[in-house]
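Undergrad: So the chains spell out like this:
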Amino acid sequence: MDSALIPEGVKRCPLWKFALGIIIVGVVLLWGVYAMFLCWFKGLNQTNMNDAYGFAIWIWADLAVIALGGGAFFTGFLRYIVGKDELKNIINCTIVIGFICYSSALLILAIDIGQPLRGWFIFWHANVHSMLTEVAFCLSCYFAVLTIEYLPLILENRQTDKIPFFHNLSHNLHEVMAVFAATGAFLSFFHQGSLGGVAGVLFGRPFAFREGVLIWPWTFFLFTWSAAAYGPCFSLLVTRIIEKITKKQLVKQNVIELLAKISGWMIATYIVAKIIDTWYWAAVTAPSNGFTLLDFYSGNALYGIWILVLEIVICGIVPACILITEKGRKNKLAFTTAIILGVVGVSLNRWVMVLQVMAVPVLPFESWNLYYPSWQEVATTVLPVAYGIILIMISYRYLPIFPQEKELNPIES
Amino acid sequence: MSTKENAKDENTENGSADQDNKGRGDSSSGFIILFFIVGLVASLVVGWIVFPKLLYSRKKQPIDFNHVIHVEAVDEGCESCHFFREDGTFSGIPKLEQCTDCHEEAQGEDPNEIKFVEEYVAKEKEVPWLIYSRQPDCVFFSHVAHVKMAKMDCATCHGPVGESEHSKVYEKNRVTGYSRDIWGKNISGFKKNTYDRMKMDDCAQCHEKETGDKGSCFQCHK
Amino acid sequence: MNKEHKDTKTKKFGMVIDLDLCTGCGACMVACMAENNVPFKEDESNKLDSITWMRVYKLTNGKSFPDTDICYIPRPCQHCGGIGDHGHSPCVSVCPATATDYDHETGIVSQIYTRCFGCRYCMAACPYHARYFNWWDPVWPGDMKESLSPNVSPRMRGVVEKCSFCFHRYQQAKDRAYANGRREIEENEYQTACTQACPAGAITFGDLNNPEHQVHKLVNPDPKHCGRPKNPKAFRLLERLQTNPKVYYISSREWVRRAGDNYIKNESKQIA
Amino acid sequence: MKIDRRSFLSLGVGAVAGLTLSPLPWKMMDDSSIWTQMWPWTPVPEDGEVSYVNSTCTLCPGGCGILVRKVNERAVKIEGLKGHPVNDGGICILGLSGLQLLYGPTRVKTPLKRVGKRGEGRWEKISWDKAISEVAEKLKNLRKENKPHTVGCISGSANGTLPKLIERFLTVYGSPNFMKIPSIQDSYELTLHLTQGVQALAGVDIENSDFVLSFGSGIIDGWGSPVRMFKANSALKKSGGRLVQIEPRLSNTAAKADRWIPINPGTEAALALGLAHVIVKKSLYHKDFIENYASGFYDKTGDNGFKRFVLDECGLDKISKITGVDKTVMETLAKNFAKAKKPIAISGRGQGKSPGSLNEFMAVHALNALVGNINKKGGISAVPEPDFINWPELEMDAIAAKGMQKERLDGAGSNKFPDTGSLLNRFAQSINSGETGKKYPMEVLFVAGANPCYTMPDTKTTKKAFGKIPFVVSFSPYMDETAQNADLILPNHTCLERYEDMPAPVGLTKPVICLSKPVVSPLFDTKQTGDVIIALAKALSGNISKAFVWDSYKTCLEKTLGSKWDVLVEDGIWVDNDFTAPAWENAFDTPSAKFEFYALKTDDINPVKIEGDDNSYPLVLMPYDSVRLANGFIGDPPFVVKTVSDTVLKGKDSFVEINPETAKSCGLSQGNYAVLSTPKGTAMVKINLFEGIMPGIIALPRGLGHTAYDKYLANKGLNVNDLIGPVEDSVSGLDTAWGIRAKLSKA
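Residue numbers (the numbering used here), protein chains in the order written: chain A, 1417 to 1829; chain B, 1421 to 1642; chain C, 12 to 283; chain D, 1105 to 1851.
Treat the hints as calculated values from the structure; they're not laboratory data. Because the structure is a prediction, the values reported are computed rather than measured. Wrong hints could be hidden among the right ones.
What the hints assert, rightly or not - The calculated lysine-lysine pairs, modelled on BS3-like cross-linking and capped at a C-alpha distance of 27 Å, are:
no.	chain 1	residue 1	chain 2	residue 2
1	D	K1131	B	K1479
2	B	K1619	D	K1131
3	B	K1588	D	K1131
4	B	K1515	D	K1174
5	C	K156	A	K1458
6	A	K1458	D	K1756
7	A	K1664	A	K1427
8	C	K52	D	K1174
9	D	K1342	C	K244
10	D	K1174	B	K1545
11	B	K1515	C	K156
12	B	K1634	D	K1131
13	D	K1174	C	K156
14	C	K52	D	K1756
15	A	K1504	A	K1663
Required output: the full structure, derived from the provided sequences and hints.
TA: Written out as structure tokens, the structure is:
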């Protein structure tokens, strides 16, 4: 029925199957939308956040999706600036993922603030000293860039492409895409960093506080670095999942391996930096405020030292080792494990930098704070996931996301 | 399916040649521009003319007040009625009690005064005046600091109210509930006189000019 | 700054709380709530969503019976001067919408409820948990609205609020002075509601920059070290974080003074 | 001409462009945010002219001066009155929240008549005229039946014109049953009466003392006049005076004291005698006072004196065993106490809500006598009640006279308890016992300024007694537990709406009268109870009507106070500044004209008994008082509830304080639910481990577990009075219970 919209030369599942999938995910989406409206109309008392947990699962989700969406800017950077041309075969996918991640982040922020109708104050009455201001500006700008990057993809749909204006627009956009990719990479460098700065500048929170260079704490650089390192893992993971579901190979192995290799080396370097940072923090920064490393990890079981081991060793060193060795990349199981660990690792890092910051008591006479999200918070956090799946489904079905698909899966006629 | 058919139609129509498209474009581009202009003009009219009319509801003061007569009759100008209390707070619009000092009974034949005496003085009911310059609850404004210490004229912010013979219509913003005088008569927000607007920026502008500093939040907020 | 208008000397309002005198009665908390239109709700037993600008903490020395000891620590907003005491308090520097600022004339950290859009970054930044979010719409049942003070605007749902050192009382004191043709106010003309109410007389409030004021005499702040108290019995909460609060505490008990900051085990020296 | 999709698209683009260039989106964005800044459901307090009215806070018997800030006609803040002799600008947590009681949802707004079952909460509004005539009708009928003595009243206080008016009404009507809420004042009055032969109140001069020895008195937990005590405690600290606190639990007072001496509960009298032993043995007592102004210290023919008793019977080993206090501690303490310049010993546990054992008060007071600080600066003095109520003599008719000859239902003033004025603790039992004989049922009960259904120990029994009284009238301005269980509520104005005198705030060292006056005009259709009493009297005519010569309560008050009225209206307080406590030569009105050691019932040094046996109830439950929990007639207003710690109340659960060691032996840990049972009842509690409580003892706060008032207070936590019961003092009949035996088991 919708075959006119489907890219030429590829095969898609029947419409009913597609529609069924959309409906199932759509129900989840609606659940999230319901929770979202509850939060908007009844207020944030719908959440389990409290005065000790002003930042909770939403801010974590925000930081995590942006880190995972980091594949977009980094792949763009590699392709257009560094000139790794092979990556053109996966870049569309990373752009879609990036678009999803960034739009989700903005949506979550709009739910998270207590007064959504005043959200624009962040631009109009901006405090330039605040990391959040930097985040808001760069995030919005980069979202605009991603939209521009996503646009040509939509225009490449068989029907839109037929309209000459759109065809030309699409063509011209492609020409200047390098400029946008560069802008995107630049913006991303800042907002990924300023998201890291959000926690790192909190000199009232010894767990979060990091000394730094210029106006930025070390977490600024670590966040950018980790987003660049782990973001591609997520792009690869999503590609892998789409391949599994469609039962087709969509990207050539050499492209996958190239990206994986770069990601592996990035993770490796990042983890070295992270270890140095952790050591300096544990040995110098925290003790100067009267804390030992274990003070931060011995309040309750949920935030034990295991979390640090998991983040650095299991989700850092392990995937790095797998991805930088050719053997590791070629072994399907090891490769999948590595990219999953990578995704977990960066999400865990963001979790720690948001929720554990809140959990650790600073006043000596206060105790550890624990928090679990309400269903409204869970639903609104699942909402972007559902939305993302739907957008990927639609994009995959109707847009030429994977340029190599036709070649890899010739239709026998 | 019809959509499919249409798509096909278009395909043949447009797809044949760019040349064709251009030629056809000449006739339709005029329309495109026309429609663009129609849309533009219509929405400009809506935005600049209809919208402000819809945004504000117009209310009449309960009594049409003549400032000129009153200013002539009193000795101390504005402060005769709008006075400072001992603790430095500003009394604002006079209470009925104060008006009654002079208007126990009607002094003339002005229908407004008669109405005032009959409906309010006799019934001991406060007049529900609509206050043009009422600021939001979050604003702290010290009249004494401006009038006594900085020696500012009332008119600088309030305009030549003392020269008015009639109370102007009170325009209430339907969304915010405030008087139009806060945003200013001009919907685009431009002002000519110091008293044309009473937004925070206007306070800040003057403060910056006079003191070299916009001041801290709490200076004007509570 | 325009010199002609800087006719008032820069002030640094601060508070000294004598923990030996404090009885933990809670009058300061209620005085604050009544003064500042703080809302209340049916269940306030979850202290993590209960708005108390002034909160009295109960500390124990951790020893077992009968060597146990308790001490109460009232905690208003500390009005931090931040690192170097330049006004970059932990919360002020992070607010993205400039809804909170540091008043260099008084040293008071403001919070503008109508500017705040509720991102709660300031709450994450404050190590004292002195900032509170309005999770609910405030409700004053029956005629209770009648008791609201016009000097402090009631907060709407979705914004952060905190202790203002009763700034409106400063404004009122100034207005009174202006009405009498004075520019300066006396020490006793501006006192916070908690100071005024404290039945034990444990709270002292005034200008830390003014050596004539009680607060200055009590703690003797060291200008070379961002106001660190020279009085050995005085301390500030979390001194080591360099937040440089303007709330000082006095206690004759060593364990209480030590409970005001974090120390690594066996770390003997109090502050470097 | 063909209008196609592109044309529409173009129209749309044009429209969007036009709108962007118009003020509409920008103004709407700004206005919508301004709308959030001014949500119509967020109230905007009206501004206006500020004025201040001074008055007296009568929420507790402390008598603090208050200054109420008003904006136009609204009262917006209560503050302490500077320069006031009681509180000098200070104010307590309850006084500060007085406006929440004035404006709060717990007010009774009109006279209410019960329509449902008792306590069901179904009421009908009735007019004042109808309400008063209904009560009058009932009273008339009872008199007709010659049963005037079956009418009674429970009043919050016995002093002041209002209680005296009610008492006068009952007397001339013919009933002796005027009862008041008990407190340690009763014990202090009795102690002074027995030892010094005076009818006076105890003035406690802590401010000027240099050594305060407190036998469990929570001077910063709300004992005495709370704000005055806070100030006194600060003064003591600043002047270098010492406070020694003796009690089994680390209360706030104990924590702030220079020394906390934990003691086995109920053995305070023994410790006092042990200290006396040291003082006597080492001859540290005040020689002049003992030799010249005391009687019964030395042996007399046939009688052993106090000296012999403490030397022979109160050896330190024995006392140490009873009290659990170390011998050397006692020795040093006694020495320090006796050597101090102005020592003072005080008693009455916590806030002094329960009168306590007379034996204990006497033993502690003996310490004051030994150091000779009676009627001295920094000591305890006998302060006469201000004598200003001089009303015309009553003319009693035959019915009234006969009624007044009946024995009181509570047994006060009977042969058994000749010196006690009121024994409310015996009242419920007496009603419930059903023993008629000499006794008689109660037909009508008035309750004024009191909430016995909540505050009396063993609430179940109290409520049962109320159930047996056919007609209960409450004068409460609030819907409290007693009002809830009444048949008719005739709401009084709150103390911020009415004139009312409050003579003699507790513990002051000079005769004082305070006056509360209307700060705002009455908000609702309420009536000062004094006016209701006068109206009732008028309705009953005859001698009763004649006894009330005033047309209103206010005239009565004005006339009664006479020349003091103007001072009181102006300052809110009248102080008899000329008063000084009489010197020792004239101080004692006993047969010997000396301080009477013989009056001390010192033959019993065993602990004060409590209910329950040790085997079934291995633990001891003690109620404790906190200033953050109002536990008298007034319940906590919302602000005060807010200050209650989450280790005292969480959600609807009360926490019981327990030593970790005891908890461990019961298999309980922090936050566990447990079943607490006592001979009086069983309840579910949560566990709060507290190192500062003696092992074997558990403590619950007074002031929680209300079932009435508003949602901010009702149904939160546990009323400790549900779990404890009164224990009668054999001499005074007053309630001596300081706890009850209890059992805790895992839930």
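Undergrad: Are the hints correct? Go through all of them and say.
TA: Hints, one by one, checked against the model:
1. In summary, the hint linking K1131 (chain D) to K1479 (chain B) is supported, as the alpha carbons are separated by about 21 Å, within the 27 Å threshold.
2. Between K1619 (chain B) and K1131 (chain D), the direct Cα distance comes to roughly 13 Å. Compliance with the 27 Å bound is thereby established for this hinted pair.
3. For the given pair, K1588 (chain B) sits about 23 Å from K1131 (chain D) by alpha-carbon distance, which is consistent with the 27 Å threshold.
4. A C-alpha spacing of about 17 Å is found between K1515 (chain B) and K1174 (chain D), which places the hinted pair at or below 27 Å, so the restraint holds.
5. For the hint pairing K156 (chain C) with K1458 (chain A), the CA-to-CA distance comes to about 22 Å; that is within 27 Å, so the pair holds.
6. A hinted pair counts as satisfied when its Cα atoms are at most 27 Å apart, and K1458 (chain A) with K1756 (chain D) qualifies at roughly 25 Å.
7. In summary, the hint linking K1664 (chain A) to K1427 (chain A) is supported, as the alpha carbons are separated by about 10 Å, within the 27 Å threshold.
8. Distance hint between K52 (chain C) and K1174 (chain D) is fulfilled; the C-alpha atoms sit about 25 Å from each other, no more than 27 Å.
9. A threshold of 27 Å between alpha carbons decides the hint, and for K1342 (chain D) with K244 (chain C) the separation of about 15 Å falls inside it, so the pair holds.
10. Restraint check for K1174 (chain D) and K1545 (chain B): the C-alpha separation of about 21 Å stays at or below 27 Å, so the hint holds.
11. A C-alpha spacing of about 22 Å is found between K1515 (chain B) and K156 (chain C), which places the hinted pair at or below 27 Å, so the restraint holds.
12. Taken as a hint, the K1634 (chain B) and K1131 (chain D) pair is honoured in the structure, with Cα atoms around 24 Å apart against an allowance of 27 Å.
13. For the proposed pair K1174 (chain D) and K156 (chain C), the alpha carbon gap of about 13 Å is at most 27 Å, so the pair holds.
14. Among the hinted pairs, K52 (chain C) with K1756 (chain D) is consistent with the structure: their alpha-carbon atoms are about 14 Å apart, no more than 27 Å.
15. As the CA atoms of K1504 (chain A) and K1663 (chain A) are separated by approximately 22 Å, the hinted pair is consistent with the 27 Å bound.
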